[in-house]
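Protein chains: 6
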Amino acid sequence: MIKYQPIDPLVSPRFSGIRTFMRLPNEETLEDVDFIVAGIPFDTGCTYGIGSRFGPQAIREVSGILKPYNPVLDVNVFDHCSGVDYGDFPTVPGFIEETYEMVEQALVPVYKKNIIPVCLGGDHSVTLAELRAAAQVHGPMAIVHFDAHSDTGDTYFGKLYNHGTFFRRAIEENLIDPESAIQVGLRGPLYDGRQFKFAQDAGVEILTNWDVRKMGIKATITRIREKIQEKPVFVTFDIDFLDAAYAPGTGTPEICGFTTFEAQQLVLDGLKGANFVGFDIVEVLPSGDSPGKITSFAAAGVAFDFISLIAFNKQQGN
Amino acid sequence: MIKYQPIDPLVSPRFSGIRTFMRLPNEETLEDVDFIVAGIPFDTGCTYGIGSRFGPQAIREVSGILKPYNPVLDVNVFDHCSGVDYGDFPTVPGFIEETYEMVEQALVPVYKKNIIPVCLGGDHSVTLAELRAAAQVHGPMAIVHFDAHSDTGDTYFGKLYNHGTFFRRAIEENLIDPESAIQVGLRGPLYDGRQFKFAQDAGVEILTNWDVRKMGIKATITRIREKIQEKPVFVTFDIDFLDAAYAPGTGTPEICGFTTFEAQQLVLDGLKGANFVGFDIVEVLPSGDSPGKITSFAAAGVAFDFISLIAFNKQQGN
Amino acid sequence: MIKYQPIDPLVSPRFSGIRTFMRLPNEETLEDVDFIVAGIPFDTGCTYGIGSRFGPQAIREVSGILKPYNPVLDVNVFDHCSGVDYGDFPTVPGFIEETYEMVEQALVPVYKKNIIPVCLGGDHSVTLAELRAAAQVHGPMAIVHFDAHSDTGDTYFGKLYNHGTFFRRAIEENLIDPESAIQVGLRGPLYDGRQFKFAQDAGVEILTNWDVRKMGIKATITRIREKIQEKPVFVTFDIDFLDAAYAPGTGTPEICGFTTFEAQQLVLDGLKGANFVGFDIVEVLPSGDSPGKITSFAAAGVAFDFISLIAFNKQQGN
Amino acid sequence: MIKYQPIDPLVSPRFSGIRTFMRLPNEETLEDVDFIVAGIPFDTGCTYGIGSRFGPQAIREVSGILKPYNPVLDVNVFDHCSGVDYGDFPTVPGFIEETYEMVEQALVPVYKKNIIPVCLGGDHSVTLAELRAAAQVHGPMAIVHFDAHSDTGDTYFGKLYNHGTFFRRAIEENLIDPESAIQVGLRGPLYDGRQFKFAQDAGVEILTNWDVRKMGIKATITRIREKIQEKPVFVTFDIDFLDAAYAPGTGTPEICGFTTFEAQQLVLDGLKGANFVGFDIVEVLPSGDSPGKITSFAAAGVAFDFISLIAFNKQQGN
Amino acid sequence: MIKYQPIDPLVSPRFSGIRTFMRLPNEETLEDVDFIVAGIPFDTGCTYGIGSRFGPQAIREVSGILKPYNPVLDVNVFDHCSGVDYGDFPTVPGFIEETYEMVEQALVPVYKKNIIPVCLGGDHSVTLAELRAAAQVHGPMAIVHFDAHSDTGDTYFGKLYNHGTFFRRAIEENLIDPESAIQVGLRGPLYDGRQFKFAQDAGVEILTNWDVRKMGIKATITRIREKIQEKPVFVTFDIDFLDAAYAPGTGTPEICGFTTFEAQQLVLDGLKGANFVGFDIVEVLPSGDSPGKITSFAAAGVAFDFISLIAFNKQQGN
Amino acid sequence: MIKYQPIDPLVSPRFSGIRTFMRLPNEETLEDVDFIVAGIPFDTGCTYGIGSRFGPQAIREVSGILKPYNPVLDVNVFDHCSGVDYGDFPTVPGFIEETYEMVEQALVPVYKKNIIPVCLGGDHSVTLAELRAAAQVHGPMAIVHFDAHSDTGDTYFGKLYNHGTFFRRAIEENLIDPESAIQVGLRGPLYDGRQFKFAQDAGVEILTNWDVRKMGIKATITRIREKIQEKPVFVTFDIDFLDAAYAPGTGTPEICGFTTFEAQQLVLDGLKGANFVGFDIVEVLPSGDSPGKITSFAAAGVAFDFISLIAFNKQQGN
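Order-wise, the sequence lines are chains A, B, C, D, E and F. Under UniProt numbering, the first residue of the first sequence carries the number 1, and numbering increases by one thereafter. Under UniProt numbering, the first residue of the second sequence carries the number 1, and numbering increases by one thereafter. Under UniProt numbering, the first residue of the third sequence carries the number 1, and numbering increases by one thereafter. Under UniProt numbering, the first residue of the fourth sequence carries the number 1, and numbering increases by one thereafter. Under UniProt numbering, the first residue of the fifth sequence carries the number 1, and numbering increases by one thereafter. Under UniProt numbering, the first residue of the sixth sequence carries the number 1, and numbering increases by one thereafter.
I should point out that these hints are in silico values taken from the structure, not numbers from a laboratory. If you're wondering where the values come from, they're calculated on a predicted model, not measured in any experiment. We put the beta carbon where it would ideally sit given N, CA and C, even for glycine. Be aware that one or more of the hints could be misleading.
Straight-line Cα separation of at most 25 Å, PhoX-like style, residue types lysine-lysine; simulated pairs [what the hints assert, rightly or not]:
| hint | chain 1 | residue 1 | chain 2 | residue 2 |
| --- | --- | --- | --- | --- |
| 1 | A | K218 | C | K214 |
| 2 | E | K218 | B | K214 |
| 3 | C | K214 | A | K272 |
| 4 | D | K197 | E | K67 |
| 5 | C | K272 | F | K214 |
| 6 | B | K197 | B | K214 |
| 7 | D | K214 | E | K67 |
| 8 | F | K314 | F | K231 |
| 9 | D | K214 | B | K218 |
| 10 | A | K67 | C | K159 |
| 11 | A | K214 | F | K218 |
| 12 | C | K218 | F | K314 |
| 13 | A | K159 | A | K231 |
| 14 | E | K159 | E | K197 |
| 15 | C | K67 | F | K159 |
| 16 | D | K67 | B | K214 |
| 17 | B | K67 | E | K67 |
Partial selection, computed: residues in chain C whose CB lies under 8 Å from chain F [stated by the list, open to error]:
| hint | residue |
| --- | --- |
| 18 | R14 |
| 19 | W210 |
| 20 | Y246 |
| 21 | S290 |
| 22 | P291 |
Using the sequences plus the hints, can you model the full thing?
Next comes the structure, spelled out in structure tokens:
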């Protein structure tokens, strides 16, 4: 029996009621749940267009339109999974290290119970806190990182932590296994030609947009699957992986990116059956979104695909 | 002991968490509460700019910024009152009579327990359902109606119900006592010079914007108080009472209207100590609002003043 | 001699004058016309993002930029066709069945005179009224349905009519011939895996976005042509067939959709030479559109391609 | 018998149909009309925020909401007046002198038939063309000029004509009688302290915003009436007379301005019974307007008050 | 001879060229200047709507429209003053204490040379850094604080510094003289009735919006002048002093506020002739501004009035 | 030693400081520079959606995000090139021929010094002035013209110059060599089937969007290279070459266009190593852009690719 599932749209219209993700119950519980959706409304790590503290709210707002059956995976999420909207994790606006501690502490019990968190950022700095919590339970993980940017900066004005350094820190802190790590979609001008070197030297595979275009989506999928294999894997999706036309509402939009359909192929075909530890989707900036809120719709769709992957695994008995 | 009050902003930032009104607990309960805030996301009664079904959500979204102490009334709401965000009442989009029944049924128990509802529209047609429920308990009430429009149309394409007819229907159905009714702020071009006649003949007092400007806010307040006296009173506030510059996000914006400060004077000084039955604030249209969401901020402020009036009465031992 | 054609842009600039579709004369006439463009500003059938009552106006507003020669079909529309902007059909906001009757009555004489209507919605519920009128003259028709959603819901809160049920009603009412019906572009989460069953059991062909991507645009075109053959065919285009990036201004935007170029290929190559009865383009929601009004531009472009198809047939002597 | 009046809103909803001003018939006729509304979609005279070529369309778009009875003047416009939406006058984008000639030629017959034009700009340069036409019939007129700017610049990059010089040109060309001219609402920083000198030396009365605030609206009204007396008077209203909060959609918004109510008082009480020759309302910039389109609503309201003044005179037998 | 002044608008149009404040030369010099305009693009101190890091840019963008002569003070700024756009002070996004140090260091030499800085925020936390610098030179100053909020919070999540605590810190750090300090315009709900106590106990005068309304603008001006007298005075203007309708683009908009004209009266009449040390204008949030950018126009206008006050003093020989 | 390069982002954050293109020094110098970036804020040549006078500013505003290394060409721009933001060229708003002269005069010395200008429009009419200047030095050039429109109109209301005629004028004035000219991306309805004839008869190659789609990007690149060979080439990029979804902020958006990635392929692979004379990017209309400013980001990206091509040539010793 599935305990927590969305409100039936025939009981109240989709535009009705308090906005939780996908109209799931807002319960801060770890009992009888397979996954939780939780916000991390934090953007102090942002070095350019700021305001992703309002990202979780914006994604929830449009997510009421989501329905439970994923036709691509042929799975009805709530035939197999129970999930809640866990609310937002605690943060201290303006103070990144304190926030890291609070988010990490809040997430450790989730990982310990083998519940899969789907986190809604916030800027990309929050992923480091998630990884710290996950690594306490799972050790260094495989990671699939969809992004326009490598986020492997070293320091910025002498500071270690911001949304452009999380991936380097995660390697340095041994939270992820670089040999099982892949970054997909990187593009745009760089500081210099050595910007990817740190990660590549550590063993990370990097596929730029030109790489993906040249090899095609199918080969990219193969490359992702080869990298992560059966290892516990964390999936982090920066919304700017999508082209600026598909996700205008983000802090550092990049042109020459991907469509939502390409993203869906990579996420569903690239990750189906993998051994998931956690997911996040970050950098949604509502103040830059179009009036039709297409960035939030895209982020909600990605989050739904994440949840569908969890359900698919359950369905398959993984 | 006050059972239900907002989340402490020092526990989580104001931009954090699931959006309920003023960060109140989302509980569908009538125990231990003095007031409830409830949405009525319905706009089928709208004859022009539509979309106020998203009004309750938009008001909740910005209401997290509200703090508990009202300096004008010198009252800390949650020293005296317990309140919840009751969620949204059931509606059937596209079907007004069915919605009327559902809202009425949902509200009758609230009125029976002498809990004061603060409803968030929705278009102004919903007020009729609220009045029907209230009148079951209180009989024909006094009413204070802040609006740019008189809403005393008869039929529209042969139909009785829409957002421009509720006030006439309320008189016809004996839900309000016209002798204790006052409409404030009416303005703009009319169909003809007899448009106010129906209400005036019934005994309703009408103060247009020119009337209010001529007599001043103080005299207007006196007139309101004289009209309603100690009778059970329902207060309905159409956001287009405010000038279009102050509330651009509404279906039929009207120029030559009032400032938020004038509205606050009328609401707080005009209604302080009255014998309240219910409140609503209607016609917020988020798609027409400015990027800064000033219409939603204004509506949240009016709703807060309504709640403060409830608390003030409690404080005074009324 | 072509009687009705657009105002010459060298007589007045394209941004000048009363906005009719493509600067055609606004005449409510059925004499000397081959096609009419008519709005159906009705959105009471909408269950989520509402406001497509302003759709016809928004499409007309930008359509002044259209020029008469279609280079893809190598046809100058007004060398072969006379057309007018017929204005908007009567509607009753808030009342769907009455509106259905009024639209149907208004359209029957158009169909009787073998004039091809190009209707601008409004939400997708209006298509049922169009089909009812068309079927009075043509009997059950072939239909090509471009959409992200199947619109084959049964009832919603016990009601038969809204924008998510028109296709099912059309089958039930024998307005369309399911064996000659094809739905293209369906995507996004569903209520369950049986949602397409009703239509498919009746004989309708369904091509989801994944189907189209897999088979390619060319094979899709072949499939459309095989389905409709020489039968009288109605073409209905929900703007959300386009990806949310290409058509953000719609009530239920869906990601993972199609580009305008793909749509143009499907419309022009897929339908060239077919035996058209009527066209519509629906679900344009101006309040959700980007400041550049790209959704309205896209809709105007689709409508122009519809008109070009009419002219192409004339040119070919069909 | 009044020949031309708006479509009855009970025949079709206000959001329905081709957008003409106030739903008047779009007829290019000078028979059986008392006033015409005509657009002048020209903005080449603009020296800063450009785009008022779309102003007439934007004002028409929202004007459907206007009703025929003006409660302030107690007059039902179409009991006394017949009027049409005459469409837009011809213009040549990018070429101001050619446009001046075309507009002048188009307007002379209107003035000759003693029909009162209510023109919708366009930038303020178009007023010169209107005055040239009017002066052919009426000689040098009185003028009431509501504006934030004096528009008495001399040349700009050596050029005589733009939206900042029309008033000086009108004096120089003897189109207006400076002794019967008044400018109301001027404000904001100037090039130097002598900027008003040219007009004042010619006899023009200038009331800045500080002047109006000091003397009050009533005294301002008296001053206007004293100036214009019974002379033929032209009224030109630059929408930036209104404060930027009330009319954000304009090319050079100015703070510290007036409310729509103050404007209405000045227009209705200041001009009631005057001997009108022509009216215009200019500088509406839709691309700068708020999503709720409050600037267009304000402009439509001013235009309606102009029409009401015409009707009031008819009613009084003037 | 005035060395630095704006580019002549007859040399290049106002919409042309690199955007500096008022088209002043962008020079990082302290020679031959009477005032500097400098940005502090920092918003890490913000606890709600964030993004004022883009404030300085937004104010500069529209400031090209400003002209040199202030008609209210009858002063042509650049007849008396030389000024530059000094660019932006250094900041470290995400790190408030480091930023405080950098801003303070950058400002000390300015104060030492008796050059008056007009700073453009940034959130209100930056004012503390400005005061620290100023106090090094001038000791504890008088202060006039226009704001909707008292900014006298103590700690927030245990942290001393953010945009809601600067005023308390300034008192604690002895940067301002509370007996010569006045806060004007405070309004909106509070945490409790004792929120103003800290400042009032220290001797600060607080005038809420209701106070100002009751006593009138003139009496308010008197009160300001009495407070500051001849003492060195710092003026800080939070844009949310203005009503949300006049300044929608700010992080925590408050209704029931002031118009730009009221602000101008208070600034020009309230401060004329005072002994200025420094000025700032803070909390402009471009992402919340209306498309017409009225908040930026308002802020540019306030900054121009500040500069005019400096010039007025020069003119008067103060 | 490279003299002029961007401010180091570790010295001041990317959102900080006066906005020049890519944070280059704003110097009006032709010494020690390889390229200049210059704005031409002129839009009087625009026949529809106007406002590109604000284009240069909008592109500069977002260009601070650009970094110096182009990974596609493997070149670090400022290892090889020195460049400045030259500011904006002089223009006279409203007067096209005067502006042509001023821009031409300003550009001749640039071309004479073999400095490559990258101009930011402005509407497409400005390209004629650029070509006139370039041809003085280089004679008739090869040209690559990316655009949705052919811009080969003859006259418009009897006038020779506007944004739809520059290409024809350039042929007539012998500024470009038609045999070495190629137009890529043309699409949308035309006046008639002969609209491309003038250019094609002169020898220009035209590739419509359907042509490009049919032959593919690679073959298109080949065609471009064959056309221009080693000749001095001017590259002009109308932002509406991009699909309306990718560049909504433009005066005449066209659907069925290209993605930014396709554009990047054509620009970088199509032009790598060519013998560049000048570049421009035109028709950015900020008022039509999405809140996320994606059109400006796209334009900045194209401009960066232009600069990268210059640097690549230097690197290769061309």
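Here's how the hints hold up against the structure:
1. A:K218 <-> C:K214: Within the cut-off at roughly 12 Å; holds.
2. E:K218 <-> B:K214: holds (23 Å)
3. C:K214 <-> A:K272: With a Cα-Cα distance of about 19 Å, the restraint between K214 (chain C) and K272 (chain A) holds, given a limit of 25 Å.
4. D:K197 <-> E:K67: Roughly 17 Å between the alpha carbons, so the hint for K197 (chain D) and K67 (chain E) holds.
5. C:K272 <-> F:K214: Roughly 19 Å separates the two Cα atoms, so the pair holds.
6. B:K197 <-> B:K214: Status holds; Cα separation ~21 Å.
7. D:K214 <-> E:K67: OK: K214 (chain D) and K67 (chain E) at ~24 Å, within 25 Å.
8. F:K314 <-> F:K231: Holds, at roughly 17 Å.
9. D:K214 <-> B:K218: Distance of about 23 Å is within 25 Å: holds.
10. A:K67 <-> C:K159: Holds, at roughly 20 Å.
11. A:K214 <-> F:K218: It holds: about 12 Å lies between the C-alpha atoms, which stays within 25 Å.
12. C:K218 <-> F:K314: violated (45 Å)
13. A:K159 <-> A:K231: violated (32 Å)
14. E:K159 <-> E:K197: Roughly 20 Å separates the two Cα atoms, so the pair holds.
15. C:K67 <-> F:K159: With Cα atoms ~20 Å apart, K67 (chain C) and K159 (chain F) stay inside 25 Å; holds.
16. D:K67 <-> B:K214: It holds: about 24 Å lies between the C-alpha atoms, which stays within 25 Å.
17. B:K67 <-> E:K67: violated (42 Å)
18. R14: Check passed: Cβ of R14 (chain C) comes within 6 Å of chain F, closer than 8 Å.
19. W210: For W210 (chain C), the interface hint is violated, since the closest Cβ of chain F sits about 21 Å away, which is over 8 Å.
20. Y246: holds (5 Å)
21. S290: holds (5 Å)
22. P291: Hint holds; P291 (chain C) Cβ to chain F Cβ min 5 Å, cut 8 Å.
Checked against the numbered hints given earlier, the structure breaks hints 12, 13, 17, 19 and satisfies all the rest.
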